[in-house]
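Protein chains in written order, with this note's numbering: chain A, 1 to 317; chain B, 1001 to 1082; chain C, 2001 to 2316.
If you're looking for bench data, these hints aren't it; they were derived computationally from the structure. Beta carbons are placed, not taken as given, at the ideal position from N, Cα and C, and that holds for glycine. Please note that a few of the clues may not be correct.
Some chain C residues close to chain A (C-beta under 7 Å, calculated; not the full set) [to be verified]: (1) Leu2038; (2) Lys2041; (3) Gln2043; (4) Leu2045; (5) Ala2047; (6) Arg2070; (7) Gly2074; (8) Arg2083; (9) Lys2084; (10) His2302; (11) Leu2307; (12) Gln2308; (13) Asn2309.
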Amino acid sequence: MFKKLFGSVMGNEAENQAQNTQNQHVDANDNENDEEVYLETEYDPETLHGTHYDVDDFEEEVARLSEAWIEQEDITSQSEINNVYHNYRRDVYMAWNGCDTDQFIRFDNRNSLTHHGVAQMGNNMQEDENNPLLAPVHGLNLRDYAAICAKLGSGVAENDIYNAFGIDATIWGEINTVWPARMAEDTTFSIAVLFGQYFAEADQHPKLQGVKSNLSEEGEANLERLKNDVHFYYELTGARQAAYEYGLDGAQWILENFGIGLGDFQGVAMKYMEIQNQNFDSNYVRDCMAYQDQKQAEYAEKFAAEQGGNIADDVEF
Amino acid sequence: METNKPLSFVEKMKLKAQNQKSYGIDSEVFKEAKLDAIACPNCGAGRAKQDGLTNCAYCGHEFLAVTLTNGFFITDQDNSNS
Amino acid sequence: MFGIFNKNNTNAPISNASEWMPQIQENQQRFFVFLDKLEFKIQELTAAAVPELSQMRNSTEESFKMDFHRMKSGIDGQLENIRKRAYEVHDEKVLDLFNEIKAAYAPQGSDQSLLNQFRTDCRSRYNLFEERFQNCKAAIDATDFEDYEIAYQKIVTEYATIKDKFQCKQCGSPIAIEKLFFINVHLNCDACQTQNTFEPSTQARMLQHFAQDLAHQRAADWYSRFQKEYDKERFYYHEMHPLKLSLNFEKEASIKAATEAKIADLEAKRQEAIRNAPQFKKDYLHKKFAEWKNITPDLANHLEIRLQNELNAIED
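The task is simple: from the sequences and hints, build the whole structure.
Rendered as structure tokens:
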């Protein structure tokens, strides 16, 4: 009966619009009625589907509504068909779970591969051991490759890194040709997402533990702060952006002023991206962007002063 | 003569752009092609194709601590037989 | 007779325009002058920067052109700075003023038209600024152009020069470099069997990184053909739209028939463009990948997989 109630709510497929969110919440503050209970939707931690319905019923409902609309509108293009499914998936999910769009986005991000055929950062992707695109190249797997890329990007001596992995420059040249080729052949973006995950964890790679870091003491401290202080991360991201806008090599500026190399910085960026996708919250994203913009403007003023001002400073209203 | 302000602004920007160090790029990075052969650092023996790339055929010194697979030009046939 | 149309009818709204007109006139004038000055700056900056940027981008010196990229970023930054100022002043001195007057005075009738006209005129002038800004931006962006045939030719010429110049490090016998390598490769000496390692020059190593750009450049005519066909669908759609609307009001049968015939003709052309565009895209991809394989033949197998992926992604 429960699902029939929701099913009938979605009856007006001709208009293809979100119905009133049918939720299990009943008036929480109504003290007059003892039988009313506040029930918060529980979500499966893996799929982020509500636990109060069968996923099969959900898929069936989405398909039913989508196919009816597709037939009615005589839609033949695959991309438009995918769009119809996406819209009904959103409508049914939000109605059945009584949730906001942020929750739907978290759900859609989590199931990106199934829904859209492309992988996304933030889902703690696991390797498919049967995927030939993930076979090691000259004994180095994707995690090894990502770790080397990250370290090379942070200015550590090449030979130190090659030695740590038991290779030489010639083997590296082959690996650095084959892995990017694999990523380019992968239509699901899974290899690239896995690369990103591993890149973010590069400093934990066992083979890099013995490799001398080339960071100064100040650099080490700032990198540690970057990993743990999200405001500091957005400040430096804004600063780097402002540096580029003023004709400076932003990555070099960060290195000279904070002792942090680009590879290490990008590793931290990947980590924050994963977290943001996993716990998508549009208000939080907006606040972060606003903070970054504010910092970018502050640093832009500083760089402008250093170059003698902006070209149109003498033009007033 | 009045100075042409935007031109000098652009000239200043050009100098700024040219005089900076680029992140990660060595000024001496542009190298010519070369051909080299590296002898075994342990016993001084030369290396031949049939000996494979991973170990020295004479003293067993390990050049590469990995098992080679089919990469680009290098294949699993290039593993040394030791 | 009844005084209904008497202009001095006491029921007519009282104009308060005299209280705010001077302000909007002043702001409008100052806004126009402000934009004039900003436009002068962006045009002067662009005119000065374009030749410098072009020269830096196509310098024959060996480099990664980082000086060009830094300079262009700096110029882009200055253009954006000016654009932002125009936006903020329009917001504050036009839109905010408009809203304040509307809230404080609630102008009616012809007063309302005057106020709206102020906003419209300023908006039009602002749109003109945006158009001029975009032209300058396009001119700056156009400096980021490289003829990849030049870089390729340098590599090919270098290869021709060096391919027979190397000798085995062990015994001195000549070792021919049989093809253009872009990564290190082990070459065996036929005379003494010593394994030598050939390390390509830095510029030869760049080949695999700009090969796709060069292949696209060589297939540019095919790409343009696809783009033009693709754009036709929207073009014919927009041509048809007003004709379809006019049918709603057209009573004259012969004009209706002629309009319907025109619509049918445009629709046929639109459908033809929809049919052609995917095929033209495939033609472009075939050409591009054929060129790409020519440039880096060692990547041929990999490139074939990518080509098939791209072809499969096209909806017919």
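- Message: Of all the hints numbered above, which does this structure not satisfy? Sort the numbers upward.
- Response: 3, 5, 8, 9, 11 and 12
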